[in-house]
Amino acid sequence: MRRISSPGSIHKGKMLSAVFYILALILLVTAVTALAACHKNISLQLEQGVPVAGNELAIVNLYLSSCVQYFALSAILIFCGYMLPRVAAQKLDLQPEASSPMLNGPIEAVSEEVDGSRQETEDTDFEEWGFKEREPE
Numbered sequence: 240m241r242r243i244s245s246p247g248s249i250h251k252g253k254m255l256s257a258v259f260y261i262l263a264l265i266l267l268v269t270a271v272t273a274l275a276a277c278h279k280n281i282s283l284q285l286e287q288g289v290p291v292a293g294n295e296l297a298i299v300n301l302y303l304s305s306c307v308q309y310f311a312l313s314a315i316l317i318f319c320g321y322m323l324p325r326v327a328a329q330k331l332d333l334q335p336e337a338s339s340p341m342l343n344g345p346i347e348a349v350s351e352e353v354d355g356s357r358q359e360t361e362d363t364d365f366e367e368w369g370f371k372e373r374e375p376e
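This note's numbering puts the first residue of the sequence shown at 240, with every later residue one more than the last.
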């Protein structure tokens with residue numbers, strides 16, 4: 240069964256994807272700015288004579304705390320912006336192959352029970368098919 244998707248819902252998915260891309264771009268600009276400021280700060284400290292030996296952990300910590308989270312968040316937003324239209328398309332447009340008619344058996348094949356016993360039906364349908372009842376010999 241194919242569900243007809245409304246153009247508004249597809250448009251909303253593309254708009255939300257664009258919002259994710261814009262936010263990722265803003266975070267990337269912030270990450271590059273923070274990286275430049277962090278590098279400048281470390282360079283100034285090294286020019287003042289602060290030794291690198293023994294301060295490796297502080298230098299790595301400064302880079303990690305100032306700019307790496309912006310790169311990670313922008314990568315997550317880019318991934319979300321990339322995947323959102325694909326997930327929305329799968330939810331909105333169900334392919335006919337996705338639901339097999341054999342998964343749900345025919346409703347007519349289910350017998351109805353009345354008062355705990357099967358309801359007997361007349362066995363005259365064989366006459367409709369052109370079969371004749373044999374007489375006992």
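Just so you know, these hints were derived from the structure itself, not from any lab.
Just so you know, these numbers come straight off a predicted model, no measurement behind them.
Idealized CB from N, CA, C, for every residue including glycine.
Treat the hints with care, since some could be wrong.
Listed next, with one range per pair, are the computed distances between beta-carbon atoms [claimed, not checked]: (1) Q287 with A257: 16 to 24 Å; (2) Q287 with K251: 34 to 42 Å; (3) N294 with P324: 30 to 38 Å; (4) K253 with V299: 54 to 62 Å; (5) A328 with L262: 18 to 26 Å; (6) A275 with P324: 32 to 40 Å; (7) E286 with A328: 51 to 59 Å; (8) I298 with V268: 53 to 61 Å; (9) G293 with Y321: 22 to 30 Å.
Hint by hint, here is what the structure shows:
1. Q287 with A257: 16 to 24 Å: 45 Å, violated
2. Q287 with K251: 34 to 42 Å: 54 Å, violated
3. N294 with P324: 30 to 38 Å: 46 Å, violated
4. K253 with V299: 54 to 62 Å: 40 Å, violated
5. A328 with L262: 18 to 26 Å: Roughly 22 Å apart at Cβ, these two residues keep to the hinted range, so it holds.
6. A275 with P324: 32 to 40 Å: 33 Å, holds
7. E286 with A328: 51 to 59 Å: Taking Cβ atoms as reference, E286 and A328 lie about 55 Å apart, which means the hint holds.
8. I298 with V268: 53 to 61 Å: Given a distance of about 24 Å, which is not inside 53 to 61 Å, the answer is violated.
9. G293 with Y321: 22 to 30 Å: 43 Å, violated
Violation of the numbered hints given earlier is confined to hints 1, 2, 3, 4, 8 and 9; the remaining hints are satisfied by the structure.
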